[in-house]
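Residue numbers (this note's numbering), protein chains in the order written: chain A, -16 to 717; chain W, 191 to 276; chain S, 191 to 276; chain E, 183 to 416.
In short, the hints are calculated from the structure, not lab data.
There's no promise every hint is true.
[Stated by the list, open to error] Short, incomplete list of chain W residues facing chain A, as computed with Cβ under 8 Å:
| no. | residue |
| --- | --- |
| 1 | Val199 |
| 2 | Gly204 |
| 3 | Leu205 |
| 4 | Pro208 |
| 5 | Ala212 |
| 6 | Asn260 |
| 7 | Val262 |
| 8 | Ile263 |
[Claimed, not checked] Computed Cβ-Cβ distance ranges for the label pairs, DEER-style:
| no. | chain 1 | residue 1 | chain 2 | residue 2 | range |
| --- | --- | --- | --- | --- | --- |
| 9 | W | Gly221 | E | Trp217 | 15 to 25 Å |
| 10 | W | Gln272 | E | Ala208 | 24 to 34 Å |
| 11 | W | Asp244 | A | Arg386 | 49 to 59 Å |
| 12 | E | Trp217 | A | Val590 | 17 to 27 Å |
Where a beta carbon is used, it is the ideal one built from N, C-alpha and C, also for glycine.
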Amino acid sequence: MTAVAEPLHRALGLTDDEYDRIVGTLGREPNRNELAMYGVMWSEHCSYKSSRIHLRTLPTEGSAVLVGPGQDAGVVDVGEGLAVAFKMESHSHPSAIEPYQGAATGIGGIVRDIISMGARPIALLDPLYFGPLTEHRNRWLLEGVVAGIGGYGNCIGVPTVGGEVRFAEPHSLNPTINVMCVGIAPRERLVTSTSRQVHEGSIMVLFGASTGRDGIGGVSVLASRTLEEGSDESRPSVQIGDPFAGKLLIEASLELAERDLLEGLQDLGGAGLTCATSESAARAGMGAEIDLDAVPLRQGDLEVFEILTSESQERMLAIVEPSKVDAVLDVCAKWGLATAVLGRMVAGDGLRITMGGTVVAEVPARSLADEGPVYDRALAPPDGLAALHEDDPTFATVTADPREAFLTVLGSPNVVSMRTVWEQYDSLVQGGTVLGPGGDAALVRIEGTVKALALSTDAKGRFGLLDPYLGAAHAVAEAARNVAMTGATPLAITNCLNFGNPERPEVMWQFAESIRGMADACRALDTPVTGGNVSFYNESGASAIWPTPTIGMLGLLEDHRLAIRTAFSAGRSVYLLGETFPELGGSEFAEIVLCTISGRPPELDLVRERALHRLIADAARAVLLVSAHDCSDGGLAVALAESAIAGGTGFAISLPGDVPWYVTLFSESASRAVVSVAPENAAKLEVLASEHGIPFARIGETGGPRMVFDALFEVDLAEADDVYEGTIPRLLAG
Amino acid sequence: MKRRFEVVVSLRPGLLDPQGKAVESALPAMGWTNVSDVRVGKHVVLTVDADSEDAARAQLEEMSRRLLSNPVIEDFRILTSQEVPA
Amino acid sequence: MKRRFEVVVSLRPGLLDPQGKAVESALPAMGWTNVSDVRVGKHVVLTVDADSEDAARAQLEEMSRRLLSNPVIEDFRILTSQEVPA
Amino acid sequence: MRRPRVGVVTFPGSLDDRDAVRAVGAMGGEGVSLWHADRDLRDVDAVILPGGFSYGDYLRCGAIARFAPIMEEVVRFAGAGGPVVGICNGFQILCEAGLVPGALIRNRSLRFICRVVDVRVETSLSPLTEGLTAGDVLQIPVKHGEGQFVASAEDLARVEGDGLVVFRYCAPDGTIDDAHNVNGAADAIAGVRNEGGNVVGLMPHPEHAVDPDVGPTGGQPLLASLLSRALAKV
Ligand SMILES: Nc1ncnc2c1ncn2[C@@H]1O[C@H](COP(=O)(O)OP(=O)(O)O)[C@@H](O)[C@H]1O
Ligand SMILES: [Mg+2]
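Based on the provided sequences and hints, a complete structural model is requested.
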């Protein structure tokens, strides 16, 4: 193996400069355990070394924000003494080789981020991006990932209420698997580095699963140097999830928080013990003494560096005042969880790790957690972008038959119903799901109040490819719009930034532009960024994924009884809110009918966007609306069809004569929505729209078994329904 | 010629086996304190129609690799093989 | 004395086996049209510590009846047994 | 007259236990939480084994939970004629414990299915259906991966012959057809009872069908029936 030839630190992914830096910090050569610790903590995944300087530019302040980026999850105040913690993460790389376990452990990990804030998980969402289902391997990946998310999420009793699925060729080699968890807690029960005081002498208690050789990954090169050939066979980098243990971990952690037994709580995720102990110490501005002999092991023959870097699942680290340790151990015992008193917080900043009485590693905690390298990597727009912009489908000569085109767009895998996916998730458990999967945003009732949380996840891959700035801004706008369509007010976002190799200037440029777009949109919509996750290296050989910043939007509806649904009912007047421009660049119509992904994404007027959200919220409060659905992929035609299919009732609309039909029906201009009202409320809606400065047009009526697009064409509801609901099952059947 | 095969698919050694763990921790409560190292895997029985046993076996091995198991986390073992009287 | 046992738990012959059927219907798409009668069961490996093999076997049979299998729909079979060197 | 006390057992891995307690309360009863490790039913008038994934549903759904200490009490309670309801995972536990006939295996589709379905009431002789008539159709969600009811030919004949079927999956108009058999269950069976008529297991979740704000209300008459049966015992 060539790895054996090169210096150890390089095999561990550390550059020569980074190695020198470690030597500088320690004033000596690191031993192999310490090297392993720096190797994982200074990895891109844990240190954010390529993204940090860009992430700093995101707006993170807001009246409702209680905890911003930097902790396990962001936290937002929703009133009545309640706080909501939410976070999104990627588990793409593990899922690419073992879809079921990769996705399942992704759920376990994001859920532990939420409980480590002391919050009870109440909702999951799962934005997923695959290659085309015409390929067997992509079907295998989707089936496995969805089964894995259900397998874990269903088993721990957290409803999966939303997400999305999109398809693009680059995801064939790089499936992109994001998962979002939302939790709730009384404000005073939050366990954050600001809400809790950690003291010198406080005890570190490790609880949950025992530690095995899981997800040692890159660090296992250390082993292959000391053990005979093929020994790394027994050092799998894939982790196996144990949702049952995960469920017990949730209950135990929340009981610890409720009984106020904690000074701090940390999940063990990437970099395992090394990360949890060094971060806990660094956050408290202290050092720590850890005794590895206490760690319960699954197999006896683990080496020190393996115990330190193992990513075995379902483990948590509690920081406990000495007098409360026994109570903590009792709670864990009640839930049948193994515990270990690992060590204690000490003055200074040294992380001192012993085993068998001897010191096996001793480094400054801060140097691992906070003082990793930071890079300002080179940026350069990819070649050929200008050419892509030149070739704008908006001005293509369209020969397609309108009816054919409509059914093709409605039947696009990027548009059709994902029922086959979301029916595999328990979306009902906990009894608070007012709106589950299938609409614009999910609505989850906050127990003990009439309030509800509105949740949506969105990414705009095609737009991002053509213009990463606009792609990210549109993702924020659409996520907010989805939330607003229920009548809720967008509050804040989390995100998962999925990109290729950051060492390539084009990828880094896409990243920087996406951050810029996200920042501008979040500022304009007053939805600060409370946290997120960066996933680089979604790239294999020649194929990198499109810039895919996934946005997870949190909104609040003051009274869930005001919730607006997407479904039409008969005898209503249909309005199109917003303006339609000739904007087919990067549209669904362009990709699937004109077979081109080119041009420029639609413009985005964020002031107009926000006005639309406010209009819907006011209209909901005034109980004017029967239905509301935003126009996104597939434009007006798809928005109308989805509302009709959802309500089981057709419609008849008129089309403006002076605009090409394909622009009216399929342009993806932003800041638009299709709403329906009882005829007697039409006037009120029009007044309200004008007050908010939102252009509106009464385009038709609902009712009947057909979708009638003026004199252009008609489609039976049943035929449309078969296309919309039947496509994914047919594709999966192979 | 038809042959009936028994294949066992099991999690790789060293990997956590939640099912095995669950069984193991359930047994003491039922009075069995003398059971350890429980692992739970899949047992597949199937009939392959091929010209020779070797041909059948070769195909079965590929099936096991590609469909019955995921080599990243699982090993498979062909236990038995017997001819099915036509 | 410790012994390692292999137990197979399988659905009663009469009952249809959804997993087996799924495997069977997935195979043709992958190019194997010569596979039939696929049945998927469980394969349990565990170590029993008892005075004699007979004692261990007797206990294992009871465990299999009471916990490892559901007699209403499943049969079990003890495949192999070997002593574990202390 | 005191409110009927309905015990809801929490096993490690139970999920819909809190929902069941809430639903019982919403229907005018008193939901009483029971702990798997206790040997005490806290003199409740009826027992619900709730949905979830007890012990992760590892090995077999309900296989491990059925050995929990509290199950001895539940078996005794049932033996004495007390009303016992097993919902989803609770149904699986009842089967494993031999309190109701049959068993539940992976859905025909091999996929977990969360969906509101129509179920037809087959008999009023069960703690859940006293107030109802055979033929009534109710909307209730199912959410399970292993809900396909199976039994040996003889057992199935007995179940049908003795009228032990309480619910079947059906079309909205009550007709039984394969298209609406959500998990491929034998004879589209969604729920069965014991010979004594006091123990019933079903895959649909009545506790998730009482609050109109979050779903259908087909669970209301079932829980109402359970409460009156429990009251009768008071
Ligand atoms: N993987 C998934 N998990 C859960 N729900 C999903 C998933 N994919 C799509 N959905 C649901 O389907 C509906 C439509 O999704 P999407 O097409 O993304 O809507 P929009 O275009 O308005 O963003 C949403 O309610 C979404 O939550
Ligand atoms: Mg979306």
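Verification of the supplied hints:
1. Val199: violated, 14 Å
2. Gly204: holds, 5 Å
3. Leu205: holds, 5 Å
4. Pro208: Check passed: Cβ of proline 208 of chain W comes within 4 Å of chain A, closer than 8 Å.
5. Ala212: Nearest chain A Cβ about 7 Å off; hint holds.
6. Asn260: holds, 6 Å
7. Val262: This interface hint holds because 5 Å falls under the 8 Å limit.
8. Ile263: holds, 5 Å
9. W/Gly221 <-> E/Trp217: 15 to 25 Å: Holds - the Cβ-Cβ distance for glycine 221 of chain W and tryptophan 217 of chain E, about 22 Å, lies within 15 to 25 Å.
10. W/Gln272 <-> E/Ala208: 24 to 34 Å: Between glutamine 272 of chain W and alanine 208 of chain E, where Cβ atoms are some 60 Å apart, the hint is violated.
11. W/Asp244 <-> A/Arg386: 49 to 59 Å: holds, 57 Å
12. E/Trp217 <-> A/Val590: 17 to 27 Å: violated, 56 Å
Comparing the model with each numbered hint stated earlier shows that hints 1, 10 and 12 do not hold.
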